[in-house]
Amino acid sequence: MKQLSLTFILFVGFLLSAQNKTIGYGEKLVFTASYNMSGLLTDIAQVTMETSKVSTSKSTLMRLKCRATTFNSFDGFFKVRDLYESYVSPTSLTPYLYKRDINEGGYYKFMQYKYRRKSRSVESIKKKRRGDGSIWEEKKILNVSSSTKDLVATLYTLRNLDIHKANIGDASSFKVLFDNEESTVVFKYLGKEIISSNIGRKECYKIAISLRGSDLLKGNNSNIIWLTADANKVPVYAKFKIPVGNGELKIKSATGLKN
Amino acid sequence: MKKLLIILGFISAILGVVLSVTPLFKIALFPTIIAFLCGLGLLYLAKKKQLKTKLIQYIFLLSIVSLSFVIYKSIFQETKVGNTEELEKLDESSEEDAIKELEDLEIDD
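So the protein sequences, as listed, match chains X and G.
Our numbering applies: residue 1 is where the first sequence begins, and numbers increase by one.
Our numbering applies: residue 1 is where the second sequence begins, and numbers increase by one.
Derived from the structure by calculation, the hints contain no laboratory data.
Among the clues, some could well be false.
In silico PhoX-like pairs for lysine-lysine, Cα to Cα no more than 25 Å straight-line [stated by the list, open to error]: (1) G/Lys100 - X/Lys58; (2) X/Lys114 - G/Lys100; (3) G/Lys26 - X/Lys53; (4) X/Lys202 - X/Lys28; (5) X/Lys140 - G/Lys26; (6) X/Lys128 - G/Lys89; (7) X/Lys252 - G/Lys100; (8) X/Lys128 - X/Lys109.
Which bits of chain G does chain X cover? Going by a derived footprint, with three or more residues having C-beta under 8 Å, they are [stated by the list, open to error]: (9) 12-25; (10) 41-48; (11) 75-85; (12) 101-108.
For each residue, glycine too, the CB sits at the ideal point set by N, CA and C.
Using the sequences and the hints given, assemble the complete structure.
If you want it as structure tokens, here you go:
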């Protein structure tokens, strides 16, 4: 049992210290988000994940950007225009700034996290639109652990893990800051599967995602992501459970890959 | 039995038509199928007991209308992203703001 625990700690430690070998500048992944109810698929939105180079006077960072846009048939029904950004170190994918700007069916919310790595704290700004149209703002200083990341950086970190070294059933956990609360996201390796997608028939790593202590992503393998079993580890397909039916994310195109 | 089939058939047929004009039009297939089955059941009863078929015709008509909408939309409706002009502007301004915010941060690597 001790040996097993030690192996697991070493495995997690190795994964956390991993350098970025997977994600390069100028990568663009386009996905179609669909709603699946008893096998009837309805395309709802387009999701894009892009990377680019951002230079400040002192350093160069990588901008990880995720955008969600509903298709025009849905715009009159429930318009979504979401922008998620994370400014990370290009070598270690450590985030320094996170921004979330969501506009969903008239609901507006803005979140910003400025990571103060040395003091292990995060300066958080939260903005919401009131019923009368005015903006309400809240500023907070949050104490976080040294390895805490945001949602976007965690998704890219998952791609950077050495999954080829993992055995079926191995799990890796990450501290994620979302809505000013620190939670633990667990990625569990379930094995390999062949997936047919718009970018071809690919052998993929099947990974279950769960959020410890939350009902949002329950840990019963119902939220699964498939990453190509190559050096780019492109997410080609994702399946997630929502209160009524299932959601799906399918890749449409992948350009500017590093490897 | 006849009354139950008429009520269920009408509710399902109307629900089918309403859902078929929404963006989630594919879901309209479920109530449309129920309405169609109710219509068939009523037709069977009508033949057996020599009843009027006027109401059955309305159920079938509504089912055909919703089915036509579903088929038309499935074939001809394109999945195109709506107007993203505002999002593009936000994207640009957000990056500019982020660079300013990053200037006063201590970045190790």
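How the hints compare with the structure:
1. G/Lys100 - X/Lys58: Holds, at roughly 12 Å.
2. X/Lys114 - G/Lys100: Between X/Lys114 and G/Lys100 the Cα gap is close to 12 Å, so the pair holds against 25 Å.
3. G/Lys26 - X/Lys53: 42 Å, violated
4. X/Lys202 - X/Lys28: Holds, because 18 Å separates the two Cα atoms, which is no more than 25 Å.
5. X/Lys140 - G/Lys26: Distance of about 45 Å is beyond 25 Å: violated.
6. X/Lys128 - G/Lys89: 20 Å, holds
7. X/Lys252 - G/Lys100: Judged against 25 Å, a Cα distance of about 34 Å means the pair is violated.
8. X/Lys128 - X/Lys109: 5 Å, holds
9. 12-25: holds (count 4)
10. 41-48: violated (count 0)
11. 75-85: holds (count 7)
12. 101-108: It holds, with 7 qualifying residues against the three required.
The structure is inconsistent with the numbered hints 3, 5, 7 and 10, although it conforms to all the rest.
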